[in-house]
Every structure is written in structure tokens, then in C-alpha cells.
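Protein chains: 4
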Amino acid sequence: MPGNTIGQSLVLTTYGESHGEQIGGILDGMPSGIEVDIAAVQNALDRRRPGQSHLTTDRNEVDQVRFHSGVFKGKTTGTPIAFSILNKDHQSKDYADLDKVYRPSHADYVYDAKYGHRDYRGGGRSSARETACRVVGGALAGLLMPEVQVRAWTSSVGPIEIKTNWQHLDLTQIEAHPTRCPDPQAAGEMEAYIEHVREEKDSTGGTVTAVITGVPVGLGEPVFDKLQADLAKAMLSINAVKGFEIGSGFSAAAMLGSQHNDEIGKNFQTKTNNAGGIVGGLSNGAPIELKVAFKPVATIGKAQETVNSQGEKVVLAAKGRHDPCVVPRAVPIVEAMIKLVLADHYLRNIKYTR
Amino acid sequence: MPGNTIGQSLVLTTYGESHGEQIGGILDGMPSGIEVDIAAVQNALDRRRPGQSHLTTDRNEVDQVRFHSGVFKGKTTGTPIAFSILNKDHQSKDYADLDKVYRPSHADYVYDAKYGHRDYRGGGRSSARETACRVVGGALAGLLMPEVQVRAWTSSVGPIEIKTNWQHLDLTQIEAHPTRCPDPQAAGEMEAYIEHVREEKDSTGGTVTAVITGVPVGLGEPVFDKLQADLAKAMLSINAVKGFEIGSGFSAAAMLGSQHNDEIGKNFQTKTNNAGGIVGGLSNGAPIELKVAFKPVATIGKAQETVNSQGEKVVLAAKGRHDPCVVPRAVPIVEAMIKLVLADHYLRNIKYTR
Amino acid sequence: MPGNTIGQSLVLTTYGESHGEQIGGILDGMPSGIEVDIAAVQNALDRRRPGQSHLTTDRNEVDQVRFHSGVFKGKTTGTPIAFSILNKDHQSKDYADLDKVYRPSHADYVYDAKYGHRDYRGGGRSSARETACRVVGGALAGLLMPEVQVRAWTSSVGPIEIKTNWQHLDLTQIEAHPTRCPDPQAAGEMEAYIEHVREEKDSTGGTVTAVITGVPVGLGEPVFDKLQADLAKAMLSINAVKGFEIGSGFSAAAMLGSQHNDEIGKNFQTKTNNAGGIVGGLSNGAPIELKVAFKPVATIGKAQETVNSQGEKVVLAAKGRHDPCVVPRAVPIVEAMIKLVLADHYLRNIKYTR
Amino acid sequence: MPGNTIGQSLVLTTYGESHGEQIGGILDGMPSGIEVDIAAVQNALDRRRPGQSHLTTDRNEVDQVRFHSGVFKGKTTGTPIAFSILNKDHQSKDYADLDKVYRPSHADYVYDAKYGHRDYRGGGRSSARETACRVVGGALAGLLMPEVQVRAWTSSVGPIEIKTNWQHLDLTQIEAHPTRCPDPQAAGEMEAYIEHVREEKDSTGGTVTAVITGVPVGLGEPVFDKLQADLAKAMLSINAVKGFEIGSGFSAAAMLGSQHNDEIGKNFQTKTNNAGGIVGGLSNGAPIELKVAFKPVATIGKAQETVNSQGEKVVLAAKGRHDPCVVPRAVPIVEAMIKLVLADHYLRNIKYTR
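So the sequence lines, in the order shown, correspond to chains A, Z, P and B. Under this note's numbering, residues 155 to 508 are what the first sequence spells out, in order. Under this note's numbering, residues 155 to 508 are what the second sequence spells out, in order. Under this note's numbering, residues 155 to 508 are what the third sequence spells out, in order. Under this note's numbering, residues 155 to 508 are what the fourth sequence spells out, in order.
Be careful, since some hints might not be right.
Any copy will do: because identical chains look the same in the list, a pair fits if it lies in one copy or spans two.
[Stated by the list, open to error] List of simulated lysine-lysine pairs, DSSO-like, C-alpha gap at most 27 Å:
hint: 1; residue 1: K227; residue 2: K425
hint: 2; residue 1: K355; residue 2: K467
hint: 3; residue 1: K242; residue 2: K317
hint: 4; residue 1: K254; residue 2: K467
hint: 5; residue 1: K456; residue 2: K227
hint: 6; residue 1: K467; residue 2: K317
hint: 7; residue 1: K229; residue 2: K420
hint: 8; residue 1: K425; residue 2: K254
These are calculated hints, taken from the structure and not from any lab test. Since the structure is predicted, the reported quantities are computational estimates derived from the model, not experimental observations.
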């Protein structure tokens, strides 16, 4: 199976290059009879779209999703749901002289090495533009599990991070700020930092934290398809992601068992949640908590040394329009991938819940 | 597809419960004509087996692998390779009174919730004993790519960590110490810490770092099956893993693009390796560097509060034999999962390298 | 995995309803660097399209394929190839009063039973219109294996059949007649029979025979994915197909081993070909010969008794535009499915031919 | 995915060579809590085993199945069920001089061409001995759907066939005769014919017919994974199968639509069953009727011309022990493959029946 498909029971396949005519996908496996809330899907896309605030790239894509199949009289029919999004505001001439240059920390060289030739315009298939299709797929997947609430937010940008435990944050405020940081003070500092970085023609990394509540007990499979394993894969499949933590994450490595173990209490609920809502690969009903690290955007305006396809040294300072920090726009992508994974396991689990 | 299978072109399926008669698996997809170095496979198993040193559990399994098919006159035939390992030294009576107790941070409760009943002896299918089969599969997978070298080691135990960059470690010394830490001073401190923790009837977490060299350029698929995504899934599928980093990992979140970008130089090699050997989801020929966090073992001798299957409060102090720190034994498991992922992508990539 | 996907290494996923806005698909897994002969793809579609001759339905779809991704400068890039075909000449009003009627030998009732509701316009997803996407996918797949020649033809219509062995037919004449029967006399009789059946407001079945030459030795997998097994699945997945034969087919049941065995001679070539080009599930280099039976089209103008969704008896005489015999239009569909199966196994086999 | 696996939700992977130490498999995906009727599984195996009657090969394998995992206290646990069967009565010396001879209509040559070398003893992986594992898997699968009754029988041997419609046969008599033909007169003639063929050192083909009742409405997927398509694949994956028919089969090709259509009557049941119980790829509740053609066994005692691996002409007269007609022993294999396909679709369908 080539690499453009994710899921087993709910399956998303995406296609399209950054500067092609369109991008899109097919979501197969949705049960029938589910009301398709097109506004909710479009809203998710709007949260990802470029040009949404002064903190993002100037590329201004309206990113309106069009559905082509699988929905009849407002409901899913159980047949594949095809959708597409037009590429409108791409400016391929920004990339015309890049066909022979291998940009640092981009996929140019490895694509040429693997495929022999590539659609170099705007990064082609390796561009994060592809993630718009994941957002559509994820929003549809979310409709399957109305009882499950997936919330993600910007938890750090560069050196600035939220210090408060998520239970003490007002998560209704995530969308209130262009950084998607629900801590007002940190949000302000992040905004200033991103603007500073942009002025320096540089970029910055950051982290996204997500909490999922309302998850039924038992989602996941015991061995290779542990729920945290499929979540980790989904997260690491997002462009620019370099790290993943579930529950206690890396801090677990320095802990004692007596500190880390989550004692079980009333109604089989754990008193603490170092597990992050997953035990033995299966959801245990506690909130699923995860954190994802994004590297700084590779495209920067500063001059960098690199080589062209002949192996000759060249100096490059990017002219294309790009985000100084992808993290605010990555929040809906993280949510979408979580929803795809959970909905897939939700359907895979049905045979055990008859 | 149920969750006991990993890989697409090279496919491992495992079976077996901790205290059943045997565990085993089928590795399907190995090309024909590969010499099967049984000693190498057994050696990998010996590095994982319980009872190998004073730092591990007292359960003493010889763990001798038996092959049942797919090998003829010492070479693979291209047909499925079945193998099994007998469970000999299990002491199910240690678990006899556990059938109704839900141990903290174990899968007992979620298994019952999902499946209705479970093989509770020694953790059944949720036990890390299952990973012995991964070690066999990974050792076989490694035979496919003799040019690829996978090395993993214990990089931290509890609060004690190696501070030296891996390039300055003597990786030939990994096996010289029961901790599998190649830094002699840290190794000694880790050993003392593990012994201390064991005396306290407690357990500790730690990290494993891995470096893979000799990887051909172009392994991986661009979108969902990025090489780092499949590695992350493989790592998070290992019992007790809570975090994963590729290359710069979480530190990338605080970096600037101008710091993080890996400039490309002579022979298309990068001057730095923040990417960790993978760009755009494809290997770029630089060493693949990753790090994995393990939580402390959940089974401890200290008394803990929990509930039984009736939801009644009980106090539990484990009597079974368990490791105070799994990290040294996890090293060969990490290596095995890396080999399975790389070999799978190695075979998937062949159609592009004709 | 839901049912709208076929193939493992070369994967086609299709979508779309008969009277939706469009149908289409994604072909994933094509290696890079293959020249895309758009005219060849369109030509295959033209051979399938409705309204192509006086023997087919009056629905007149131009069926022009549009490509959306995966092709750059005329060559495949190794990324997914998305394509679509607009539905233009659908007349859903023909079906408006069918939303509550369960047509005999159609999928109306079973769709309602399985999915709860359905897109009843023109048969929705169950319509053979979906096969246009297979023709596109198959034509692209064929570009992978220029040395392989796939030829199919109408070998019978109702009681009229070609009696000549295929080696004595002039297969260059298949397209010379609207029946796609290369035997001129049988073709004429078939044409008259189809016209007669149409006048009777009835329909007729028939058979398609296919011969594939130039197949490399060794395509196929030994056990479940035998080449003939995947071909059988592909054929039986075509609407209206009721039977499949490889090589000697059902006649083998009455034969003796000494008659049926294909002795091996010079250059390891068999002297006879009762095997139909496949032995032990693997191609042996001889022509692959197969035959497929199509039932008569279910939609007929004659009055038939049936029930509506309330279970009440109704009498139905179809008004929609339909073919009196699908077999001539099925020829390119059979070819397409063969190409998809062979190209998939062609790619799966590469790891053995390094 | 290599070719030794079948199914998506219920997945069987098999391993083993004819003259290796053992054969076996893993059945993954069985829901938990199903009582495992070991006697029923063993009974199915006994019906397939060699040496069961004077009509079969003299190879006398007791074929006792051993289970290694996935069953606890007599019930499935939802984890993989591993099983094995020892090879006891193999006489590899019968094959010692066959390592360099390519037997007519056997896989020897194509295996060598594909894999470079092969386990030639007893046909290795290409031997029908592998189907014993399918019988185990199918018997387990059948336990999932107690309401579904799968019955298969020998409907023809060479020129002798049952002429009676199956509704008029006494299907309780299938096992009463070593031919597994429920028509006593035909059974007697078949027996005599098989004995005659054996005396002639020859072999004969035949057909198996199967009828499945009690199938819920809606099993199957609309497009590529139509129920008849997956059945066809399963049947053609059995060694020696050359043809497949569902319902009317090849006779449909000569029929008119007005003859072939199954009018729908009371309770949405069809009055006739030309469809063979499947419409639009989905089961419609009527009996599923299918027929499978088996070629004569390739191994015969008569002298045949062939070549060795050097391409030199040799004359071969088989000495190994083989069946003069596989059809009676194929009956339980056909049943097993049907059960595997139906149970897989049964589980895949659950998400639509919540």
C-alpha cells in the first residue's frame, strides 16, 4: 500500500500538489446515516487556512471544500466521500528558479533521489498544503463520535510556554487569540515573539498540546496498533513534527513506579493520569493527553548555504510566502489527525461491543 | 486488520500469552535466498531474555527460538517464516489471586472492559513477553539490509543520563555493561540506582537512544507513511513507551529556523543533522537518530490502592518476579522494531530503484 | 478496509454515484517517470462509454477524463494520480418514482437493508457507471507494463458463440464491429440478436474472453493471492458477472490428468496450455486465458412483478435508458481489471527480481 | 502484503511446507467470548485428511490440530489464535530425485524462476497440504456465525454428475459416502470411476457445489469487495481450481433478462434465485449457491515428457502417493474458504448493524 492512505476501517486517501490545480481526497468507511455538518467541516478548514491572521503566511487561500459523492439528502450513504479544494492563490513563479536548488531541511533532494523527477512548484506533494485534506477528513471523522471532544492548543512558541496545568486553562478561549494559546499572557508573549522572528526573516518552532475527553473505554488494539502507537504515527506524519508524548511523556523516564502508577478508584477511574488515558494500548476512559513538538519552518528569508542539483554551492534566501511559525495553524491539523485515528479505532472496536 | 500485525511488504504477526504454552509469530515477505544466521537471531533474543543479569527479573527463560518453515538449506525460500519460543519458567500461581484484581497502570481493567474476559495469568497478551517475538522478527529483518547498522543503548535511567554526544561514545562498549549504557561512569551510577530502586521495592523509567547508519537515501513514503511516522508507531507500540523524538525532538520547539536548518554541502550531505536523518518523510542518508522514553515498570512490591473487578477497594503489593528497570532489556526490542520498519520500507522502496 | 479499493502495491480507490455530479478515483502506487499517454486512457474510456453505437444505451456521456495530480511535465511523479469524469447526461427524473420501488435483480432492497437509506437516482453507487473509473485506472496501469498485451473480446451473446479457437481469430478486428466480436459471421448474428432482444424490450447475457501475452514468468503469490485468484476477484467484482474460468475452466472437471497436464518442452515452455498461463498461482510465461460470463441486464422494458419498500406488490416496466446487452461495453472493463491485477502483481514481484 | 494472508477483519495467515516439520497458522480478529468447539475443528480436519478412505492418497496423516494461544477456559479471548499440525507421514525420499525435475502442471519451474531456489520436498509450499490450515481457520470462523449453514458436496467426478436440483437432494447424506456425493446412484458411479482412473495410473477432475443458508441480508461491500468477488478469489486460491460460478453462472450468458431476473415477493424474498443469493455484491437473504471446478490431479503414474532444470528432456512417472481425484477431500476445503469469507464480511458489516 503506498503511503497516501491512513486508517483501516475509516480510510482517508489524499492527493494533490501544492501548486497543482486542486488537492483532495476520499474518505471511505463512514457508516451511513450520519448528518454531514458542512459548516463544521468548513470551519475546521478556515482555522487551518493561510492568510487567516497577521501571524500566518500571506498566501491567501479561501480553501472552500467541495463534496462530490457519498452524501445524499444531507446524510452519509456509506459510500466513499470524495472532496476537493482548489488551489487558487499559488504563485509558482516564486518557485521557478528553485527547480534546480535543494533547499535546506526541505524534501527537494530526497524526492529527486527517490523519484528521479518531481513537481518542484511550491514543494509539490511535500508541501504542508496537503494537510488541508486531512482537516476535511478529520472533521468528517469527528461526526462519527459526537460524544468525543478533541481540543488542541498552542502550548509553546519558541522559548515561551504555558506553565499552567490544562485543567486550569479556559479552553473556550483557544480561538480567541490568533496564536491559539488559551493562556492570555503567554498568548501575548507568543504573538510578540512570532512578529519579532518574522522581522528577523527567521522562523520558530513550538508545541501543540491536545486533550480528548469522552473517549469510550477499550479503543485500541493490544499489540502493534496500540492507540498511542497510531496516535504517534498520525502526529509524526504531520510536516515538521519532531516529537510526541503521551501522558507523562519524557518525564516518565525520571520517575519511580510508585510515583507514576495511577491508582484505580471508584467506577474504575484512575486517581491520577500519568498514563494519558491509555493503558496497555487501550483507552481507559480518562482524558487522552498528548503533546507534539514542531520544528521551526524550514523556509526562511535569511541567506543560507546549500547546493543545486549539480552539487554546486549556492546561497539561498527564500522569496516565497511562508509562516514564521506554523504552530497556530497546526492546531486544527493535530485535531484532525486525532479524530481520524480515534474514529478508525471506534469502528474497529464495534465488533467487541455488540 | 486486527492489531497483531505490523508492516506492509515485510509483515510480522505475533501470537501468544505470557503464561501460555508458547509464543511465536510469522514473518512473511522476506525475499528468497537470504542466509539465515540463526546464531544472530538467538543472540538478539539472549540480549532481551529475563534473568540475563542481576539487574533483571528472576524469571529465567532460556528463550530458544525454533523455526518451523520458510528456510531451506540455510536460506530463506520467500515463503512465510514461522517461529516459536516455549514458555518454561512461568509461575502462574503468582497470579492466581490476581484474576479479580485490577492492578494499577496495567491493562487488566481495560481488557475486561473490551473483551469481557481475559487470560489474566502473567498479564496474558498484554505482557511484554510478547516482545520476544518482535526481537526474532527484527533480527531476521536486519538480515535483509546488511549495509544498515542499528545501534541502541540506555541513555538514561531515572535521573541519571549520559551527557556526551553519541559521536563521542564508544558504542562497541554497549554490551560490556549490564545496563547497556556505553558511558562507563553513567553506567555505574545507573547500576547503583537500579539496585537501590529494587531494594525500595520500587521501579524506575529511563530512555533508549538509537542511531542507524548506512541507510540508503529515499526510504519512506511522503505523506502518512513517513519514515519517522512508522518509526514512532513502532516505538510507541512497545510496552511502557511514553515518548518519541526524531533528531532534534522536543528541543526543536524552542529553536529558530536559522539554527535548526541543516545546510546541504558536498555530496548532498547535510552539515548538521537536526533532521535526524529524515527529511520530508524520506531518509536523506545521514544517521537516523531517535530517542524513546520508558515509564517505570508498573509492577512494584510497594503497597498500592486499587480495586477488584467488583469495584471494591483492595491493597496490592506485587509478588510476581519483575524488572526494577526495563530499559536495559528494552534496547534489543528498540533495535528490533527499528529493523522491522526499515526493512519494510526497504522492500517498499524497491520499485523506485529498479 | 472498506470495499472501494483494489490492489496492494498499485491501489485504485473509486468514488461516485451514477447521477451525482461526478465520478472519479485515485490511483496510488505508480512508480515515477512513466509517460502518461492521455489519449490511450481516453480511448479506453471511449470504448466503454454509453452511446457509442446503436447497440448501446442512449445515455450519451462524453466521459472525458480530467487528471488532477500526480503527473508533471507529462510523466508520473510517484504521487497519487487523481482523476474525475463529470456526469452530464443523467436524467434523474427517470428514477424519481423509483425511490420506493425495489427493482428485480437490482441492489435497491439490499442497499436499503444494509445502509438504511440510499442514493436511488440511477442506481447510485451500485450502477455500472462506476466502472468508467476502473477503465481509467486500468489504462494507467497498463502503461507500467508495455511488454504485456491484454486483449479481450465478445465471445458469445445469448445463444450465439464463437466456435473458433482464439489462435485462429484475427484479433485486430475486435474494434471493427460494434459487438467487439472478432469473428465476422458471429458478430453479424450477435448484432441481429441484440437488436431483436431490444425490440422485445428484453436483454441478453454473453461472455467475454481475454488473452494476455508477454507476461513475465513468476507474477502472483503462492497461496491466497494466486494470480488466478486475484483475477477471479477482479472479474467477479464487475457488475453482472456470474462466472469465471481460467484456462481449461469447467471443462477440466471432466478431463483426465493425462489429458490435462501440460508437458514442458523447450525453453521451459509448455506444449499445451490447459493451465491458462498460470501454475501454482504464478504466471508461467504462456498466454493467460480467461473467460467471464455476464448475466443479461436487469433493467428491461417488459413488465415485471416486484414490491415497494413497504412490501406491497407493484408492477414495473423500466423507462430509463439501458443497454440490451452489456457485453460489448464490458470488453474494455474486463481489460482494465486485468491490467490492474497484473500491474499490482508486477510491482509486488519486483523484490524477487532485483 | 505478501500472499499468505486472507481477510480484513478476520485474518488468516498460514505457513509451512509439505515436508517440513509442521504447518500452521494464525487466525486473528476473532471476537472474544466464543466457545471453541475443538471437536468440530478436528472433525473438519478429519474430513480433509489424507488416508481417510480407499479413494484417497495413502499418505496417512492423523492431522491433529494443536492450539497455542487465544483460547482461555474454552473461549476465545480476542487475541490471535495460533495453531499447528505436525507433518508425520511424509516420505521425502519419494521426492529426492525430483529436485531437478520440473513436473508437468506443477509449480516447480515457476518457483525456481521466481525465487531462485525452493523446498522441492513434496511440493514444499505449493503442495495442497497447506489447505489443512485453511480448514482449521474456516472451522473457527464458522463458530462466529452459528446461524449460517455452509454445505458443500461433490457434484461431479469426471463425466459423472448429479442431475438433480440441490433442493431435491438429501444433504444429510453427504458424509455417508466416501465421494461426498449425496446422490446415491451418482456416488456409486463416481466411486467406480475413481477406482478405474487409479488403476489406469491416471487422475480425474470434478466439481464441488455449495449452498449457504441463513446468511443475513447485507453482507458484502458494493464495489471491489462484492461478496461474490471475495468468494471467487477464495475458491480460485484453492489448488487445482479452474472455474467458479455464482447462481446461474455461465448459463446466465445465454439467458434473457426476463428469464434471469428474480422477481421480488413477500418479505422481500425473491421467487427465483438466479442471483445465487447475492445482488449488487450484497447478500439478499436467499441461499448463496456456488460451484467450483477442479482439474485432475497433476501427479499421475503414467509416463510424461518434461524437462529438468537444465532444460533437458526427461520422462517422468510419479512414484509419490497421491489422490486419483481430489474432489471428495476438497469439499471441506471449499466449506472452510466460504466460512472465512463470510465471517470476514460478517465482522466488516457490524458497523452498519449497530
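Here is how each hint holds up against the structure:
1. K227 x K425: neither (46 Å within a copy, 33 Å between copies)
2. K355 x K467: Only inside one copy: K355 and K467 sit 22 Å apart there, 60 Å across copies, limit 27 Å.
3. K242 x K317: Result: close neither inside a copy nor across copies, 40 Å intra and 50 Å inter.
4. K254 x K467: Intra 12 Å, inter 58 Å, cutoff 27 Å: intra-copy only.
5. K456 x K227: neither (52 Å within a copy, 31 Å between copies)
6. K467 x K317: Answer is neither: 44 Å inside a copy and 35 Å across each miss the 27 Å cutoff.
7. K229 x K420: Classified as neither: same-chain Cα gap 40 Å, cross-chain 30 Å, threshold 27 Å.
8. K425 x K254: between (57 Å within a copy, 20 Å between copies)
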